[in-house]
Amino acid sequence: MEVSSQKLNSFLMFKLPSAWLCGVRVKEINENHCLTTVRHRWINQNPFNSLYFAVQAMAAELSTGALVMTAIQAKGEHISMLVAQNNAKFSKKAKGKISFICNDAHLVTEAIEETIKTGEGQTFWMRSRGLNEEGQEVSVFEFEWTIKVK
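FYI, in the numbering used here the residues of the sequence shown are 997 to 1146.
Simulated from the structure, these hints should not be mistaken for laboratory data. As the structure is a computational prediction, the values presented were derived from the model and not from experiment. Fair warning: there could be bad hints in the mix.
What the hints assert, rightly or not - Cβ pair distances, simulated, as ranges:
#, residue 1, residue 2, range
1, Glu-1129, Asn-1099, 12 to 22 Å
2, Glu-1116, Ile-1039, 40 to 50 Å
3, Ser-1076, Ser-1006, 39 to 49 Å
4, Lys-1093, Gly-1117, 34 to 44 Å
5, Asn-1026, Ile-1112, 33 to 43 Å
6, Gln-1132, Ala-1050, 41 to 51 Å
7, Gly-1115, Pro-1043, 40 to 50 Å
What the hints assert, rightly or not - Derived lysine-lysine pairs resembling DSBU-like cross-links, with alpha carbons at most 35 Å apart:
#, residue 1, residue 2
8, Lys-1023, Lys-1091
9, Lys-1146, Lys-1089
10, Lys-1146, Lys-1088
Glycine included, C-beta positions come from ideal geometry on N, C-alpha and C.
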């Protein structure tokens, strides 16, 4: 089954309803990158009238996790995935529409090949940058993913 932004957004509604209700959406996904967006609204704001950090984290994680899920599905193997840890840096108030992009799909492919070959778990870090409508960076998230053949 081909993974598409529409299918991932349906997945969000049923499996991650809090992200869906907050407005997190996949806008574009291919073999190289994933782009997610979220717009600052009343339901996802913090007391300082900007996008709550946890909502940014959901959108950023989705931009990395969708690439991991897609690569695992394309391989056709039973592989588990889990976030082991994450880091975040915030540089500007997140207002308006924020886009998160991850361009680290190549890291997933390498890790999947290695876990299939060795049977041992693999870890790798993926980065997602949050940009406002003017193209200014508002946050950067890094997620350490672990994968292992079941």
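Checklist entry - Is 33 to 43 Å a correct range for the gap between the Cβ atoms of Asn-1026 and Ile-1112? => result Violated, since Asn-1026 and Ile-1112 (Cβ atoms, about 22 Å apart) do not stay within the stated range.
Next on the checklist: Hinted pair, alpha-carbon criterion (35 Å max): Lys-1023, Lys-1091. Please report holds or violated.
Outcome noted: Given that 35 Å is the threshold and the Cα spacing comes to 18 Å, the pair holds.
Item to check | Distance restraint evaluation - Glu-1116, Ile-1039, Cβ atoms, bounds 40 to 50 Å | outcome: holds (42 Å)
Item to check | Holds or violated: Lys-1146 to Lys-1088, with C-alpha atoms at most 35 Å apart | outcome: violated (41 Å)
Checklist entry - Is 40 to 50 Å right for how far apart the beta carbons of Gly-1115 and Pro-1043 are? => result Since Gly-1115 and Pro-1043 have Cβ atoms about 48 Å apart, the given range 40 to 50 Å holds.
Next on the checklist: Is 34 to 44 Å respected by the C-beta to C-beta distance linking Lys-1093 and Gly-1117?
Outcome noted: Given a distance of about 37 Å, which is inside 34 to 44 Å, the answer is holds.
Next on the checklist: Just to be sure I understand the hint, the distance between the Cβ atoms of Ser-1076 and Ser-1006 should be within 39 to 49 Å; is that true here?
Outcome noted: For Ser-1006 against Ser-1076, whose Cβ atoms are near 22 Å apart, the range 39 to 49 Å is violated.
Checklist entry - Lying within 41 to 51 Å: is that true of the beta-carbon distance Gln-1132 to Ala-1050? => result Violated: the Cβ-Cβ distance is about 21 Å, outside 41 to 51 Å.
Next on the checklist: Tell me if the straight-line CA distance from Lys-1146 to Lys-1089 falls inside 35 Å.
Outcome noted: violated (41 Å)
Checklist entry - Is it true that the C-beta distance of Glu-1129 to Asn-1099 lies inside 12 to 22 Å, as the hint says? => result Given about 20 Å between the Cβ atoms, the range holds.
In the structure shown, a violation is registered for the earlier hints numbered 3, 5, 6, 9, 10, in ascending order.
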